[in-house]
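These protein sequence lines are chains A and B, in that order. Under my numbering, residues 1 to 431 are what the first sequence spells out, in order. Under my numbering, residues 1 to 431 are what the second sequence spells out, in order.
If you're looking for bench data, these hints aren't it; they were derived computationally from the structure. Zero decoy hints are in this set.
With a straight-line Cα cutoff of 25 Å, these simulated BS3-like cross-link-like pairs (lysine-lysine) come out:
id	chain 1	residue 1	chain 2	residue 2
1	B	Lys422	B	Lys368
2	A	Lys322	B	Lys120
3	B	Lys322	A	Lys124
To be clear about the criterion: a stretch of chain A counts as covered by chain B if any three or more of its residues have a C-beta under 8 Å from a C-beta of chain B, and this derived list gives those stretches:
id	segment
4	145-154
5	298-311
Computed, partial: chain A to chain B, Cβ under 10 Å:
id	residue
6	Leu23
7	Ile138
8	Val288
9	Asp291
10	Ala324
Ideal Cβ positions, reconstructed from N, Cα and C, are used throughout, including at glycine.
2 protein chains.
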Amino acid sequence: MANGTIKIGLIGLGTVGSGVYRLLTEKNADLSERVGARFEIKRVCVKNGAKKRDIKIPKELLSTDFNEIISDPEIDIVVESIGGTTDARKIFDGAIANGKHVVTANKALLAEHGYEIFKKAREKNVLIGFEASACAAIPIIKVLRESLLANDILFVNAIVNGTCNYILTRMAEDSMDFADALKLAQEKGFAEADPTLDIDGSDSAHKLVLLALTAFGAHITDKDILKEGITGITKRDIEYAKELGYTIKLLAILRNNCGRLEARVHPTLLPKDHMLADIRNEFNAIQVKGDACGSLMFSGKGAGMMPTASAMVSDIAEIAKKVARHAVRSESIKFDSAKPESRDDMETRHYLRFTVVDVPGVMAKISKALGDNGISIASIIQKERYGEGEVVPVVLTTHAASEKKIGTALRHIDGLDCVKAKTFRIRMIEA
Amino acid sequence: MANGTIKIGLIGLGTVGSGVYRLLTEKNADLSERVGARFEIKRVCVKNGAKKRDIKIPKELLSTDFNEIISDPEIDIVVESIGGTTDARKIFDGAIANGKHVVTANKALLAEHGYEIFKKAREKNVLIGFEASACAAIPIIKVLRESLLANDILFVNAIVNGTCNYILTRMAEDSMDFADALKLAQEKGFAEADPTLDIDGSDSAHKLVLLALTAFGAHITDKDILKEGITGITKRDIEYAKELGYTIKLLAILRNNCGRLEARVHPTLLPKDHMLADIRNEFNAIQVKGDACGSLMFSGKGAGMMPTASAMVSDIAEIAKKVARHAVRSESIKFDSAKPESRDDMETRHYLRFTVVDVPGVMAKISKALGDNGISIASIIQKERYGEGEVVPVVLTTHAASEKKIGTALRHIDGLDCVKAKTFRIRMIEA
Chain A
1 MANGTIKIGL
11 IGLGTVGSGV
21 YRLLTEKNAD
31 LSERVGARFE
41 IKRVCVKNGA
51 KKRDIKIPKE
61 LLSTDFNEII
71 SDPEIDIVVE
81 SIGGTTDARK
91 IFDGAIANGK
101 HVVTANKALL
111 AEHGYEIFKK
121 AREKNVLIGF
131 EASACAAIPI
141 IKVLRESLLA
151 NDILFVNAIV
161 NGTCNYILTR
171 MAEDSMDFAD
181 ALKLAQEKGF
191 AEADPTLDID
201 GSDSAHKLVL
211 LALTAFGAHI
221 TDKDILKEGI
231 TGITKRDIEY
241 AKELGYTIKL
251 LAILRNNCGR
261 LEARVHPTLL
271 PKDHMLADIR
281 NEFNAIQVKG
291 DACGSLMFSG
301 KGAGMMPTAS
311 AMVSDIAEIA
321 KKVARHAVRS
331 ESIKFDSAKP
341 ESRDDMETRH
351 YLRFTVVDVP
361 GVMAKISKAL
371 GDNGISIASI
381 IQKERYGEGE
391 VVPVVLTTHA
401 ASEKKIGTAL
411 RHIDGLDCVK
421 AKTFRIRMIE
431 A
Chain B
1 MANGTIKIGL
11 IGLGTVGSGV
21 YRLLTEKNAD
31 LSERVGARFE
41 IKRVCVKNGA
51 KKRDIKIPKE
61 LLSTDFNEII
71 SDPEIDIVVE
81 SIGGTTDARK
91 IFDGAIANGK
101 HVVTANKALL
111 AEHGYEIFKK
121 AREKNVLIGF
131 EASACAAIPI
141 IKVLRESLLA
151 NDILFVNAIV
161 NGTCNYILTR
171 MAEDSMDFAD
181 ALKLAQEKGF
191 AEADPTLDID
201 GSDSAHKLVL
211 LALTAFGAHI
221 TDKDILKEGI
231 TGITKRDIEY
241 AKELGYTIKL
251 LAILRNNCGR
261 LEARVHPTLL
271 PKDHMLADIR
281 NEFNAIQVKG
291 DACGSLMFSG
301 KGAGMMPTAS
311 AMVSDIAEIA
321 KKVARHAVRS
331 ESIKFDSAKP
341 ESRDDMETRH
351 YLRFTVVDVP
361 GVMAKISKAL
371 GDNGISIASI
381 IQKERYGEGE
391 VVPVVLTTHA
401 ASEKKIGTAL
411 RHIDGLDCVK
421 AKTFRIRMIE
431 A
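Sequences and hints are given; from them, build the entire structure.
Below, the structure written as structure tokens:
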């Protein structure tokens, strides 16, 4: 900080970077007053210096080399908004090494390299602001770290992917097929041209890594997460679920299981009066249960230019306050000893949809395979017969059983003559 | 702070005070590590030193004179949990004068004396933690002040009284009368023996004052708030509302109306797909719309021993961090120039239930009175006739009209011969 002014270097001027630039310039006076220090954007790094832009930026601020920002001794805070993991990692490493604080919305980078980045930041006593990386303007990172710090977190259930939630909402409310709902999401701008990372659960898994760090101080990686996407869900599953009193959502789940941390991303049957069941369309929501605070929920749009910029500017302001008051103390992440739970041992209730030939004795065989593995049945939907010998769906829900037991039972069932397709399963939660 | 230890004086050991004592002692090691300073409860002030208690407190900590705490030069943070406004005000004044930070859950005190208290705190550069005063563990104060500081807040719609929400939920879901639902709420411990402050909207109005300070930097008082309770609502109103596609909730509302701040507490018809419509039973929820973040919602239980203590301890920790880092800077409240909107000018849609004698021409008279005042009708429910001359309800909804116009029209209508009881009205919101 020079002369009571916090100097900011902005790297990347895409949608989010432009939003940050706008807020920092348009609201400069108000932000400066609230923080108690002036803000100045000292340099903006762009890919193409000649490109025409919607926002007006003084030419002398522009640079095409991010090294000019991370090596500038006057710059206090680097805002990384280029995305990706290669250059972004270089920016983090360089900025931290030079004692600069960094603010980002880059969940992929932090999910992959967060552990090393936070460790380095702690060694150099610099701060990493990453509120925007989880759910944009929904302030879940700050809430977990500050508002709930007197709590042991029992579980987190979160809808953190707007694309999937939009698709599932349209399937449920308009009886659309998955393919049609995906197409509509793409037309509406809620899904990318290549939607893989959203619909296969990867984006939710990235956010889950950040929530695990923040809520449990746990360092988990992709391989610790039980991950399943939403592509296998049919219109029919949604109807059956409804008939049973449930709604299907893609959830990211963390659960403290006697000191072992369960981390899962999968479509989930939720009771229809569950607080997450009413979260519709592209909205995100996070339910947190702490031992003192009870069950809380935070919801809103988890993406978008200005919501993301709003979160990044709150991080910038928070760091600026500490810089201005010479009170920087890196506590980015407290790594606890929470160990990831093994997938085999994770226990949930299951919704199972079997595709069977309608002949006498089918249910007996399925029930026996479940019973032999210690799995008990909670409810069954078996529609009127279509005619002996036809292929029909049979749906049932189980009481809680481990992944291992369910896996063994399904391998056996899927090998039966009367079973004509791989059994489809959706996990369930009650609380 | 002496020897790196933050010393705390706790005044009041009722439900909430006991919760704070429990969290601070049971989680002492973890809190100290996160904050980077040790915590010590130096003294606890109780009314009766000889009383038997559920929690064990070393005898030498106890005092029956709060002056021993507010005048102790070693104590950094005073936790006020005695409630009421007389002694509590003395504690605040004394503590602030002696340079001590104060943490409280006392909404009545802050609603009445907050403006003076925050001003004094600013002059003496001490911090006031009051997160628990609004909605217990729902961290709305921190979120508004820190996470959303880059936003101009457009409106706040909030369910902040669990008693009323429980009663309205039971009326809607179990077709209960108001009186029966209130009795049930009392049996369940969700309503006091004397429920007046809850059901007449006063408790919500107290919280609204705190939200106005925090979200808008506005200093409003009770007389600026349009306030109505839930006692007039009948089972039938809930049914009619449902028929029209609405749910009835007691809302506390703040709205920036071109620089004037509308502050209202009243039963409200919400579209049934509104994000607040699904908040059931004793739960609270706050919807905030900012110009950058869009619409966010925060929900949970807004009362109770441990949720309240959770919020107070997060305030204590926040202040402790600043004390430990010598970075105290009172910014408790930024008072902006937002002026309260006059009641007459507040505009909403209305639900009106008329009690009329069923004779020809009644609707014509009512419509004319509304039309003469520039109020247009949006929908009408007029059930099949009970027989000419009988007293029947007629329900209609209006388009947006000012309080003044509605008031004038209703005075005229209630004077008509065919109108047999004071017309009952419920305001509506759409967004």
